[in-house]
Amino acid sequence: MPYTVSTSGMDDVNRMLKALGDDAGKVASAALYEGAGIMADAIQRGAESIATAPFKYASGGQTRLPSPEEKDIVTGKRRVGIAKFKTDGMDVDTSVGYGRSGYAMLAGRKVAVPLIANSINSGTTFMKKQPFFRKAASTGGKRATDAIRASIEKNLQEIIDKNGG
Amino acid sequence: MPTEYTQLVTAMKSLTQGTPPGTVITLPMAENEWNTRPDTESYGIISLDFEQDQMNGDDRKLVASYEGSVDLYSRGKSGSGWVEKIRNTLEDHCGACWSLNSHTYERETGLFHWEWTFEVM
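For the record, the sequence lines run as chains A and B.
The first sequence lines up with residues 0 to 164 when you count with numbering that gives the first Met the number 0.
The second sequence lines up with residues 0 to 120 when you count with numbering that gives the first Met the number 0.
For the record, the hints were derived by calculation from the structure and aren't laboratory data.
A couple of the hints might just be wrong.
These stretches of chain A come out as covered by chain B in the derived footprint (C-beta under 8 Å, 3 or more residues) [stated by the list, open to error]:
1. 111-125
2. 149-160
Cut-off 16 Å, straight-line C-alpha distance, at most; resulting in silico cross-link-like pairs (EDC-like, lysine to aspartate or glutamate) [said to hold, decoys possible]:
3. A:127 x B:40
4. B:76 x B:40
5. A:141 x B:40
6. A:127 x B:52
7. A:25 x A:92
8. A:141 x B:50
9. A:141 x B:52
10. A:141 x A:33
11. A:25 x A:68
Where a beta carbon is used, it is the ideal one built from N, C-alpha and C, also for glycine.
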């Protein structure tokens, strides 16, 4: 019984790879930037939905909600950040979050922003857990992946069209 | 509430261990509670946090998966024996659906904090 092997698909891939050339890193970076933006927005929106209550020391075995000042630290400008892209050939890597958000002043004391974010996200013996970050990472991840895929497909098509298909 | 979750809560609430021999200690496990700081060596909290994903069909929600978390607070550096018990319970109820999300030390209270997340249908 004869077997037919179709190579039309491979031709397309070959043409695409040739056309791509040195632009691979650029296409990947552009796509990753879109995805990272979506993640950052999701985290920021999550942080803005944190419930607060005026500061009161937790007592009687009860946990407390973060104070509005603590929420401001987490939602403030330049808090949720996108790390500088690391490029290695066709691989591009970054991280989104509070990693480099530095310090803030709270009631006259210097506090680390990631520490406050983590205490709200994971909860402590005295802080009620509100997993805003985990939720953003969990539910925003799919949207970010879709955006990355869409961006790569769009840019690849443009390059192919530019190089005469 | 998803059945898998209610079953997990029941299992977590009945965790016991017999050290020292001859005694039976139950881990105080609260569900979604505010008042969760009993004056004990170790205690836990379990909660269902949010809907993680869903599958729709015929304009209806067919399946939904939820993410929840189990927290263990303990004065013991290695969790006074509860870490292993919680991990085993998670394993029994949802296989490989769980992971250790964070392990921190609270300087103010001197308690160690483990946080596991899990996914149930």
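Taking the hints in turn, this is what the structure says about them:
{"no.": "1", "hint": "111-125", "verdict": "holds (count 6)"}
{"no.": "2", "hint": "149-160", "verdict": "violated (count 0)"}
{"no.": "3", "hint": "A:127 x B:40", "verdict": "violated (20 Å)"}
{"no.": "4", "hint": "B:76 x B:40", "verdict": "holds (11 Å)"}
{"no.": "5", "hint": "A:141 x B:40", "verdict": "violated (40 Å)"}
{"no.": "6", "hint": "A:127 x B:52", "verdict": "violated (24 Å)"}
{"no.": "7", "hint": "A:25 x A:92", "verdict": "holds (13 Å)"}
{"no.": "8", "hint": "A:141 x B:50", "verdict": "holds (14 Å)"}
{"no.": "9", "hint": "A:141 x B:52", "verdict": "holds (9 Å)"}
{"no.": "10", "hint": "A:141 x A:33", "verdict": "holds (13 Å)"}
{"no.": "11", "hint": "A:25 x A:68", "verdict": "violated (40 Å)"}
Comparing the model with each numbered hint stated earlier shows that hints 2, 3, 5, 6, 11 do not hold.
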